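*Asks:* If you use mature numbering (1 follows the signal peptide of the UniProt record, and there is no 0), the sequence shown corresponds to residues -36 to -1, 1 to 180, in order.
Do not rely on the hints blindly, as some may be mistaken.
Stated by the list, open to error - Below, in silico cross-link-like pairs of lysine to any residue (SDA-like), each with a Cα-Cα straight-line distance of 25 Å or less:
#  : residue 1 : residue 2
1  : Lys54     : Lys19
2  : Lys146    : Leu14
3  : Lys68     : Lys78
4  : Lys57     : Lys19
5  : Lys146    : Arg121
6  : Lys78     : Trp37
7  : Lys68     : Lys19
8  : Lys164    : Asn12
9  : Lys168    : Tyr35
10 : Lys19     : Ser105
11 : Lys44     : Arg135
12 : Lys78     : Lys168
13 : Lys44     : Leu55
14 : Lys164    : Leu123
15 : Lys164    : Lys68
What the hints assert, rightly or not - FRET-style restraints, in silico, Cβ to Cβ:
#  : residue 1 : residue 2 : range
16 : Gly77     : Arg41     : 13 to 23 Å
17 : Lys44     : Lys78     : 13 to 23 Å
18 : Tyr76     : Asn124    : 12 to 22 Å
19 : Val51     : Val148    : 18 to 28 Å
20 : Trp37     : Gln66     : 31 to 41 Å
21 : Ile70     : Arg135    : 27 to 37 Å
22 : His167    : Asn43     : 14 to 24 Å
Simulated from the structure, these hints should not be mistaken for laboratory data.
It should be emphasised that the depicted structure is a prediction, and the values quoted were computed from it without experimental measurement.
For every residue, glycine included, the Cβ atom is placed at its ideal position computed from N, Cα and C.
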Amino acid sequence: MNEQILKQPYTARIFKLARLQTISFSTMLCVSLAFAGLGGEANAGGNNGLFLAPKRASVAPDGFSGVCARYPWACARSNKSQLSSEVILKLAKRVNTQVNRQTKEIEDQDQYGKEEYWALPTTRGGDCEDFALSKKMRLMSHGVSSDRLLIATVLDRDLNSHAVLVLRTDRGDLVLDNLTSKIVSWRSTGYTFLKLQNPKAKHKWQAVLAGGVIKN
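Input sequences plus hints: build the corresponding full structure.
*Replies:* The structure is reproduced here in structure tokens:
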């Protein structure tokens, strides 16, 4: 079935995925509308594909409301980091592994009684967005600029809704994922990137629409 879907036009493909997967209608509507007028531009990131290239402004993901008030650091801008790229990458690998090992996975519905609620992990654990927030907080505490740390919403390889932390480096955008302790480029994940925090105003979001099923 999925191979047949991938052969369909972009808009038809997205709505087909929406019917098959537990992806919110608002997310799918955002994706389909963003395709309109983008043409081939929706298929590739900027800077030779090293970085995720936002296409336009988008509504915030479900569950993100209130994050900036609860955790001002999650949406604040910080001074440019004085850390070298090598040091940042070493920190990222360490933090990614630590959070993945120390945090149990638990769905928001089981923990908060809500479908989506973004928060730092509790003693019970957290879901993918909570992992991403925890990694962002820890890396910022080590001196990594918040402008390098952007949360993204994606569809994973099985087309399930997911969230990751994007680390913006001189080598391109890398991904910290609770599903693996390996840090790889965004293109290597095989994920379909939907939305990304606006690096200049992190309470705002941008449609990305790149990778995964979004290919020629």
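*Asks:* Enumerate the violated hints, using their earlier numbering and listing them in ascending order.
*Replies:* 1, 4, 7, 10, 14, 15, 16, 17 and 20
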